[in-house]
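If you count the sequence shown from 1, position 279 lands on 279 in my numbering, and the numbers rise without skipping.
None of these hints come from the bench; they were simulated from the model.
This structure is a prediction, so every number in the text was calculated from the model and none was measured.
A virtual CB, placed ideally from N, CA and C, is assigned to each residue, including glycine.
A couple of the hints might just be wrong.
As the list claims (entries may be wrong) - Below 30 Å or equal to it, Euclidean Cα-Cα: the simulated DSSO-like pairs (lysine-lysine) are:
#1 276 / 74
#2 13 / 74
#3 136 / 74
#4 50 / 190
#5 50 / 21
#6 136 / 13
Said to hold, decoys possible - Restraint-style ranges between C-beta atoms, simulated for each label pair:
#7 26 / 119: 39 to 45 Å
#8 27 / 191: 19 to 25 Å
#9 103 / 143: 28 to 34 Å
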Amino acid sequence: MKLIRYGEPNREKIGVQIEGKNYDVSAFGGDFNEQFFEENGLTRLAEFIKANEGSLIEIPEGTRLGSPVARPSKIVCIGLNYRDHAEETNAKIPAEPILFMKSTTSLAGPNDAIIIPRGSTKTDWEVEFGIVIAKKASYVEEATAMEHVAGYVLHNDVSEREYQLERGGTWDKGKGCDTFAPIGPFLATKEEIPDINNVRLWLSVNGKTVQDGNTKNLIFKVPFIVSYISQFMTLLPGDIISTGTPAGVGLGFNPPVYLKPGDVVELGADGLGTSKQVVKAYEAY
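Input sequences plus hints: build the corresponding full structure.
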């Protein structure tokens, strides 16, 4: 299945994508949140869709999409998980996964604008393969880690490099600004991606491809990542894990290149669709 959420920000309804078309399933009830995943929502939703085959209402083209997962308890990210990305930023290859968090208020729809933070001059892009947790994971073994996974999402891990690297402390302050986590267009359940170790992902800025990678080059693979994180914190249903970005970020250019108002960022991944974000300057509201 491919799960979507659509409509105005903070008022999204739930839907599914079937053969490239989006359909409303709000009659199913609830939202794609912790409770949904915790209460075997994927199985129940599949049964609902089958029972209502041919009668689901199609969502008009051009309707805004929100994040396919309602605001999760946390967004956990892995840093420097592609060797080429570590090398382009002159960082050491990590011996263990580098963990950092994105604030849940950074969550955005796949085609919502990226807002450059007030005073920022170093806002950057990062296409990533994301994992969505299906059931509570605490001290899980790598061999059983995939039992805790609901599916996968496309994620742009937008980053402010000055805040992240030059302001002291942890990376988190450069990762959690509003709009810095565009997710989607949909959540693809596990059966939609037959080989998670061979997923091409790419990103372009103003029509020029700058990132073109593949999950086969992940230093730490998905089952290990889920198991590893669960040793340090409990993962709850609906939580999102972002697995890292390949080479081609703005920080890696010589000289570095960063986003400016009017830029257009487009990204995609095999089986996870595409998204597009227009960059805008911060405006007080």
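Tested hints:
no. : hint                  : in the structure
1   : 276 / 74              : 23 Å, holds
2   : 13 / 74               : 21 Å, holds
3   : 136 / 74              : 13 Å, holds
4   : 50 / 190              : 18 Å, holds
5   : 50 / 21               : 16 Å, holds
6   : 136 / 13              : 25 Å, holds
7   : 26 / 119: 39 to 45 Å  : 40 Å, holds
8   : 27 / 191: 19 to 25 Å  : 24 Å, holds
9   : 103 / 143: 28 to 34 Å : 32 Å, holds
Hint compliance for this structure: no hint is broken.
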